[in-house]
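Enquirer: Here is what each chain is made of, one letter per residue.
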Amino acid sequence: MKVLVLGLGNDLFRDDGVGLQAARALKAELELEKGASTDLKLEVEVLESPLSGPAILDLLMGYDQAFIIDAIKTGEGSPGEIYELELDPAELGLGRLEPSASLHYAGLPEALVLAWSLGLDLPKRLKIYAVEAGELSLGEGLTEKVAEALPKLLAEVRGEVERLSSVAATAEQA
Amino acid sequence: MNMKKIIIDPITRLEGHGKIVIFLDEAGEVQRAYFQVPELRGFEKFAEGRQAEDMPQITSRICGVCPWAHHMAATKALDDLYKVEPPPAAKKIREMAYNVFMLEDHALHFFYLGGPDFLVGPKAPKAERNILGVLGKVGLEAGKRVILMRKELRGLEALIGGRTINPVMGLPGGVSKALTEANRKECQAVAERAVDFALFALKTFEEVVLKNREYLELITSEAYTHRTYYMGLVDENDRVNFYDGRLRVVDPKGRELLKFRAQDYLDHISEHVEPWSYVKYPYLKAVGWKGFLDGEESGIFSVAPLARLNASAGMGTPKAQEAYERMYDTLGGRPVHHTLANHWARVIEMVYAAERVLELARDPELTDPHVRVLPEATPTVGIGVVEAPRGVLIHHYETDERGLIKRANLIVATQNNSARMVLSIDKAAKSLIKQGKVDDGLLNMIEMAFRAYDPCHACASHAIPGQMPIVVEVLDHKGELVRRLARGF
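Those sequence lines, one after another, are chains A and B. Going letter by letter, the first sequence gives residues 1 to 174 in the numbering used here. Going letter by letter, the second sequence gives residues 1001 to 1489 in the numbering used here.
Incorrect hints may appear among the rest.
To be verified - Here are the simulated DSS-like cross-link-like pairs (lysine-lysine), alpha carbons at most 25 Å apart as the crow flies:
#, chain 1, residue 1, chain 2, residue 2
1, B, Lys1045, B, Lys1211
2, B, Lys1045, B, Lys1406
3, A, Lys127, A, Lys73
4, A, Lys41, A, Lys145
5, A, Lys2, B, Lys1144
6, B, Lys1123, B, Lys1211
7, A, Lys124, B, Lys1285
8, A, Lys124, B, Lys1144
9, A, Lys41, A, Lys127
10, B, Lys1211, A, Lys127
11, B, Lys1430, B, Lys1280
12, A, Lys2, B, Lys1151
To be verified - Partial pick of chain B residues on the chain A-facing surface, computed with a CB cut under 7 Å:
#, residue
13, Gly1143
14, Lys1144
15, Lys1151
16, Arg1154
17, Val1381
To be verified - Counterexamples of contact, computed for chain B against chain A with all Cβ distances above 10 Å:
#, residue
18, Gly1042
19, Leu1108
20, Gly1121
21, Ile1147
22, Arg1150
23, Gly1173
24, Glu1206
25, Glu1207
26, Asp1238
27, Arg1255
28, Phe1260
29, Gly1316
30, Leu1374
31, Lys1430
For the record, the hints were derived by calculation from the structure and aren't laboratory data. For glycine and all other residues, C-beta sits at the position ideal for the given N, C-alpha and C.
All chains, full assembly: derive it from the sequences and hints.
Expert: Structure below.
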């Protein structure tokens, strides 16, 4: 089973970099554990990307499961809050596409519907972790609240990956 | 003055973004309309004190939409800063990689964004005017081809640029990596498929659009027509070039007004400031600012695909040249003033980009290992230009003698088009707002014009990378909200 953890964002725009930082940290953790007895029963790849919309399809192809980590500004939550969203291809059918929110690029839902319609080799399951951003202005480094949320975010994603791994291990034994 | 005010604010919840303001008089008729393009505010301060050599990396991360355009403009600004001329192989590698990017970006726009307007049709129901509607027209196989071709092109970008996105190849005086013969062969193989792909896109456009009388009438309708000046980068034969050359400006009759080096841009381009806004509107100094008007007397100019073709004498490659001639024959000669013809120009540029990549990939000099001249001069000022997918992009850096940035100025393509976009808003507003009543078609008409220009706010507002939702707020002459039209929220 091939699993992708994809951190999206831009680390020149403060909290927009949270996905990239999470991906970087997770990659380092997984590298450290390579060869250890806790080896995951999965093939996990961790990527960082500033891309959006259909361009993300290039990165998603070829995996069974993907986790996407990104910043979000709902304007309602407090900075550092983590939202989780699972996308099921069956629910994103052809007829369910809303007009694009963007004049410039189609968003992730459009991209996914497109890919699934075309029968491209995309993850069968997709989970998105979005972190409420504090500041999204030009500058480096996360704001305090968002930085504080990183360990929790990492633990969540780690937990999901490990859960998948144990499912894979059980399947192997069976 | 007593006026009503309509505001269209694309990204109301975030700071520093574009906004459309339409002023009505007391009778409810449109007095004037403005489109403010956000500038990259705060960037100068961000860049201050950093090493100039870091700019190709930093600026390419400003935006996930066109990292290559910033990377290349920054790299060329560094050549100029250190007064160093890259070796021929380095220039060819840069130009080839850059054309790969232009093709890939144009393809995305052509099928995914513009496609719903012209392939599905401007009058099709909203629910069909999306990428799936496009697939319905061109077929699933074609849709797959677009995705897979883009993936291949991105693979080439990674091969040449070191990374797919945020390339690391550009250095003052050359590139970081020479290409091997195996690399060259791979580029050539992809380029051959890319030429077929671009010709397929052109054929799709010409078949669907040119056989559709209604769409042709829409392209040429007065509503989407502005007679402005045009600016674009041209080679020594005045043909379109995305990577290098001089900036050529033609007047609304197609006569050359100016041809200059990017380093002299301040002599030719000035910025008009409206008292009510921080936004600046670039115009031609030689003609002068005469307000938001078109025609020969007004210094407003335009950039991007149609402007590039208008400002040139032709395309540098054979198939693109044929397509160029066909467009001008159909639309009544050069220059074409119809905004919606940008889609046509874009697909012609796809053919050019693909052919140019193939030309360069076949060039034996491409694999010359000499790809870098070491810079030795003491830096002061460096200015670089490229044609970004959305038009002329200029990077301007001033440094101290150690090469630390004192001042950075980025003039982005969308900003260059801002005054002409105001003309489009103004025309749309005048035809669809009468006696204070706003027709729902206003949003659609503005959207159609915008999609043709393909304005990119990612440079200033990366938070939602490259996205541009629209909000229209109608305020009466006391500044109170009368009506709100929104899309994207």
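Enquirer: It remains to establish, for every hint, whether it holds in the given structure.
Expert: Here is how each hint holds up against the structure:
Proposed proximity of Lys1045 (chain B) and Lys1211 (chain B) is contradicted: the alpha carbons are some 52 Å apart, above 25 Å. A distance of roughly 9 Å separates the Cα atoms of Lys1045 (chain B) and Lys1406 (chain B); the hinted pair therefore holds under the 25 Å criterion. The straight-line distance between the Cα atoms of Lys127 (chain A) and Lys73 (chain A) is roughly 18 Å, inside the 25 Å bound, and the hint therefore holds. This hinted pair does not check out: Lys41 (chain A) and Lys145 (chain A) have alpha carbons roughly 34 Å apart, beyond 25 Å.
With a C-alpha separation of about 23 Å, the suggested pair Lys2 (chain A) and Lys1144 (chain B) falls inside the 25 Å cut-off, and the hint holds. For the hint pairing Lys1123 (chain B) with Lys1211 (chain B), the CA-to-CA distance comes to about 16 Å; that is within 25 Å, so the pair holds. A C-alpha spacing of about 57 Å is found between Lys124 (chain A) and Lys1285 (chain B), which places the hinted pair above 25 Å, so the restraint is violated. A hinted pair counts as satisfied when its Cα atoms are at most 25 Å apart, and Lys124 (chain A) with Lys1144 (chain B) qualifies at roughly 18 Å.
Taken as a hint, the Lys41 (chain A) and Lys127 (chain A) pair is honoured in the structure, with Cα atoms around 19 Å apart against an allowance of 25 Å. A distance of roughly 44 Å separates the Cα atoms of Lys1211 (chain B) and Lys127 (chain A); the hinted pair therefore is violated under the 25 Å criterion. As the CA atoms of Lys1430 (chain B) and Lys1280 (chain B) are separated by approximately 23 Å, the hinted pair is consistent with the 25 Å bound. With a C-alpha separation of about 20 Å, the suggested pair Lys2 (chain A) and Lys1151 (chain B) falls inside the 25 Å cut-off, and the hint holds.
Among the interface hints, the one on Gly1143 (chain B) holds; its C-beta lies about 5 Å from the nearest C-beta in chain A, closer than the 7 Å criterion. A hinted interface residue such as Lys1144 (chain B) counts as satisfied when its beta carbon comes closer than 7 Å to some beta carbon of chain A; here the least separation is about 5 Å, so the hint holds. Checking Lys1151 (chain B) against chain A: minimum C-beta separation of about 5 Å stays under 7 Å; hint holds. The interface hint given for Arg1154 (chain B) is met, as the beta carbon of that residue sits about 5 Å from the closest beta carbon of chain A, less than 7 Å.
Against a cut-off of 7 Å between C-beta atoms, the interface hint on Val1381 (chain B) is violated, since the closest Cβ of chain A lies about 23 Å away. Listed as a non-interface residue, Gly1042 (chain B) fails to keep its Cβ farther than 10 Å from every Cβ of chain A; the least gap is roughly 4 Å. The claim that Leu1108 (chain B) is not at the interface with chain A is violated, since a C-beta of that chain comes within 10 Å of its own (minimum 6 Å). At roughly 15 Å from the closest C-beta of chain A, the C-beta of Gly1121 (chain B) stays outside 10 Å, upholding its exclusion from the interface.
Non-interface status of Ile1147 (chain B) relative to chain A is broken: a Cβ of that chain comes within 10 Å, the nearest being about 6 Å off. A Cβ of chain A approaches the Cβ of Arg1150 (chain B) within 10 Å, the least distance being about 7 Å, so the stated non-interface status is violated. Gly1173 (chain B), annotated as away from the interface, keeps every beta carbon of chain A farther than 10 Å; the closest lies near 26 Å. Once the 10 Å rule is applied to beta carbons, Glu1206 (chain B) is consistent with being away from chain A; the minimum gap is 24 Å.
Residue placement check: Glu1207 (chain B) keeps its beta carbon more than 10 Å from all beta carbons of chain A (closest about 21 Å). Its beta-carbon lying about 31 Å from the closest one in chain A, Asp1238 (chain B) satisfies the requirement of being farther than 10 Å from that chain. The beta carbon of Arg1255 (chain B) sits about 34 Å from the closest Cβ of chain A, which is more than 10 Å, so the claim that it is off the interface holds. Here Phe1260 (chain B) stays apart from chain A, with its beta-carbon at least about 30 Å from theirs, past the 10 Å limit.
Taking the minimum C-beta to C-beta distance to chain A, about 28 Å, the non-interface status of Gly1316 (chain B) holds against the 10 Å cut. A cut-off of 10 Å between C-beta atoms confirms that Leu1374 (chain B) is not in contact with chain A; the least separation is 29 Å. Remark: the non-interface label on Lys1430 (chain B) is consistent with the geometry, its nearest Cβ contact in chain A lying 21 Å away (cut-off 10 Å).
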